[in-house]
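*Asks:* Below, each chain spelled out in residue letters.
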Amino acid sequence: MSIEIANVSKRFGNFVALDDVSVSIPSGRLTALLGPSGGGKSTLLRIIAGLESADSGRVEIEGLDATNLPPQRRNVGFVFQHYAAFKHLSVWRNVAFGLEIRRRPKAEIRSRVEELLALVHLEQFADRLPSQLSGGQRQRMALARALAVQPTVLLLDEPFGALDAKVRKELREWLRRLHDEVHVTTVFVTHDQEEALEVADEIVVINEGRIEQIGSPDELYDRPANDFVMRFLGPVTQLGDRLVRPHDVQIQVGEGKEDPAEVTGRVTRVTRVGFEIRVEVTGNDQVVTVTLTRNEFLAMDLQVGTTVRVRIAPEVHAGTVAVDQAQLLAT
Amino acid sequence: MTSATLAPDRPAPRRTVRSGRRLTRASGLGLGVAMLWFSLLVLIPLTAVVVTASDGGWAEFWATVTNQQTLAAIELTVGTAFLVTLINIVMGTTIAWVLVRDDRFVGRRVLEVLIDIPFALPTIVAGLVLLSLYGPDSPLGVNIANTRVAVFFAFLFVTLPFVVRTVQPVLAELDREAEEAAASLGASRFTVFRRIILPSLTPAIAAGAALSFARGVSEYGSLVLLSGNLPMRTEVTSVRILSSIENDNLEGAAAVAAVLLVISFVVIVAVDVIQRRVVRRG
Amino acid sequence: MADRRTGTAVHNRPGPARHVLRLVVTVYLVLLVAWPVALVGRNAFGNGLTDLEGILNDPDVVHALRLTVTVAVTAVLINTVFGVGISLLLVRYDFPGKRLLNALLDVPLSVSPIVVGLALVLVYGGRSGWFGPTLESAGFQVIFATPGIVLATVFVALPLVIREVVPVLQEVGDEQEQAARSLGAGAVQTFLRITLPTIKWGVVYGVVLSLARSLGEFGAVKVVSGNVLGQTRTATLVVEEKYLNFDKGGAYATALLLTLVAVAAIIVVSVLRPKEPR
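Residue numbers (full-length UniProt numbering), protein chains in the order written: chain S, 1 to 331; chain W, 1 to 282; chain P, 1 to 278.
Calculated directly from the structure, the hints in this document are not laboratory data.
For each residue, glycine too, the CB sits at the ideal point set by N, CA and C.
Misleading hints may appear alongside valid ones.
Said to hold, decoys possible - Under 10 Å between C-beta atoms, here's a sample of chain W residues computed to sit facing chain P:
| # | residue |
| --- | --- |
| 1 | Trp-37 |
| 2 | Val-110 |
| 3 | Leu-131 |
| 4 | Tyr-134 |
| 5 | Ala-210 |
| 6 | Phe-213 |
| 7 | Val-269 |
Claimed, not checked - Keeping only pairs whose Cα atoms sit at most 35 Å apart, straight-line, the calculated DSBU-like set for lysine-lysine is:
| # | chain 1 | residue 1 | chain 2 | residue 2 |
| --- | --- | --- | --- | --- |
| 8 | P | Lys-98 | P | Lys-200 |
| 9 | P | Lys-98 | S | Lys-106 |
| 10 | S | Lys-169 | S | Lys-87 |
| 11 | S | Lys-106 | S | Lys-87 |
| 12 | P | Lys-98 | S | Lys-87 |
| 13 | P | Lys-200 | S | Lys-87 |
| 14 | S | Lys-166 | S | Lys-87 |
Chain S with its partners taken away, still in its complex shape (with noise of 0.2 Å):
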């Protein structure tokens, strides 16, 4: 295990940021660590960093006790949102920063600048300044700084949060190829589920200071541990007491006989999102929300007030989990 998490806590006043966590993040892996903004998730990257310090707890980086050890000796690289670009240096000596620091030979210096500006893609604007870049490559100037200096592990909070929907799904895409190339323990912070599914190898879910699931992206998505991950994993109905993916529930045309899993109702609604329809049902007091593909919404004929019975798909049924009264309450 690269990076070892145990029993961490820390607070901001009365506020309880991290709340007793403990985490293994496997080496030369992507991991992401998602959850809601406040969750906690951002505080656990600054204390693997070093740039907040633990309450109470230990970080151990590659055998390493780090806890108490300040940002500077860890060999960590990490990269931050807003890309803390050193404004009044050049792309070149950005990249080049901590391999000065470090006072290595001068023509190392410059072939492994080359390499990487050649990595991101950069070369060609060695000589320009932080603010002549665009948000993309003023981060890709910030991943190769990181890179330099050849981290034990790279960290990433919330790297593409400050770029718009396009430039950050190109990103995306680069990071998981860069990652497959380089192979560095990699761990990053994000709240986009879509992001940590197309992109993580591993997800450690946090909220509210602790810890709700960790897995591959399909556990998450398949086998959901509760309500919350579920919820925040991707859209959700509900039908009777379970809660479902919209698409995994099925639906036909017609009066139901009397199937306990079955629930009759009406078409109350009918939204076209591009290729996907929603359909949604009433039926015993709920709106059952059903995404079903143009073609099998077409071959049905489905209207609003069309009698329908619909069901969970049965071989789907690990992924629903029971509703959590409290965490209905709450939302």
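Model the placement of chains W and P on the given structure of chain S, informed by the hints.
*Replies:* What follows is chains W and P alone, placed relative to chain S:
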């Protein structure tokens, strides 16, 4: 000046608000050295003023402060500073308005420099400067030297930058969409100013006014050549303190100085409270 | 900038009110500042160059100018080191009494220079000051000597660097510093390589303003210096002395020198300021 601290948070770099770090050993040592220096330079000397003022007991203090000549000086100083502050509130806001909003006015850059001159000019030179236009050799044919009007002009000159420089950045950061919304709802230009703009500027105007008042009350240098320092007529409080010092009456000087310090203190607290309110609204 | 141009008719219709405002503001500033200041120039050259030559050939005046520059530079150095240090502490650290200290640091701006002088005399005065007699028996004279002039000058210009640097530090935040730390830089390296270049312009403005203020301090220096000809008389004291001794030409010439420095300082600041990288 206070501009930057008064300006509401710029929207650009949104950061998570994090409290400062706890002191490390090195920064703690730095703070200690800084506090020692600040105490030796400012805190202990100012304490000495208050202690010396109270040395003779309350009765003596009161007698010194209510001495007819001293009282006349305090009245003149505070009264003139108050009047000048009122003028600064109106003129300072107007000047700030022209500097920020009248972007087609070519003279703006020159005006910017003119506004800072009273701040950078040595006060004794400020007196000489005013004397050259309003003194005995005035090309305008007026002579205000050695009158109360001279005190008024000197205060007006030295306090010029304060309201302008506190209002200007706030005005520049003001959300114009709110004004446009008000205009689209049928508000006249005057109504927009009174109902939308003025309320946002009030804390900055108040802070600038407080600074301008404090500066006026403590003014000395510009009056030396200009006002003649005539007892009961044009003598201001600082001059009164200086003559006590020159007569080797340090206790008397300290008593009057303590009055000025109290005024400064009230003003500083006022500015602090006002700025805090601005920050909260920002 | 863009939306300022496209602003509504409410602001951009140049109505009569706009011209009235321009006129009022311009006339006010010309009568209060521009014209009087220009007259100082004219009066200084009233007798051609003789007055200027006169003061520059007067050893006492030259001594006063030299003393003024020495004192101002010393005071600015002290205030810069102190100001940058205390700004970092105020912005980057938490400690008890921070809010009070923040307010107290502005005190010198609103204290009468005469009171500043008096306060220093009460503590460092050789005869009856709190510390003065002890210092003097150790051979260190403060009041009526150069150290006193320096102290008074440092006192009055104390907040200027802080007021320029604190907002810059707040605005840039500490992310760049954290990034430097995570890349292996220690505290000193971080300060020299990252913090200082970032706040450079704030420090420069603070230094320029402090320098102008320090060169021009009058009241506080008058109290603590003793005003001894050729020893502790500074440039501003020369102006007063010359004027009161009916050497108006000399007074105006000296005032002109001081005015030029002040105006140059303002112009330097106003030229540099818009270039500040945001």
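*Asks:* If a hint holds in the structure, say so; if it doesn't, say that too.
*Replies:* Going down the list of hints, with the structure as the test:
1. Hint status for W:Trp-37 relative to chain P: holds, with the closest Cβ pair at about 6 Å, below 10 Å.
2. Interface hint at W:Val-110: satisfied, since its Cβ lies 8 Å from the closest Cβ of chain P, which is below the 10 Å cut-off.
3. Interface hint status for W:Leu-131: upheld, as the beta-carbon distance to the closest one in chain P is roughly 8 Å, under 10 Å.
4. Because the beta carbon of W:Tyr-134 sits about 8 Å from the nearest beta carbon in chain P, less than 10 Å, this interface hint is met.
5. Restraint check, W:Ala-210 versus chain P: the minimum CB separation of about 9 Å is within 10 Å; hint holds.
6. Restraint check, W:Phe-213 versus chain P: the minimum CB separation of about 9 Å is within 10 Å; hint holds.
7. About 8 Å separates the beta-carbon of W:Val-269 from the nearest beta-carbon of chain P, less than 10 Å, and the hint is met.
8. Restraint check for P:Lys-98 and P:Lys-200: satisfied, since their Cα atoms lie roughly 24 Å apart, inside the 35 Å limit.
9. Proposed proximity of P:Lys-98 and S:Lys-106 is contradicted: the alpha carbons are some 44 Å apart, above 35 Å.
10. Restraint check for S:Lys-169 and S:Lys-87: satisfied, since their Cα atoms lie roughly 26 Å apart, inside the 35 Å limit.
11. Our distance criterion of 35 Å between C-alpha atoms is met by S:Lys-106 and S:Lys-87, whose separation comes to about 22 Å.
12. Of the pairs offered as hints, the one joining P:Lys-98 and S:Lys-87 holds, with about 29 Å between alpha carbons and a cut-off of 35 Å not exceeded.
13. For the given pair, P:Lys-200 sits about 12 Å from S:Lys-87 by alpha-carbon distance, which is consistent with the 35 Å threshold.
14. Pair hint S:Lys-166 plus S:Lys-87 holds up; C-alpha atoms about 25 Å apart against a cutoff of 35 Å.
Comparing the model with each earlier hint shows a violation of hint 9 alone; every other hint is respected.
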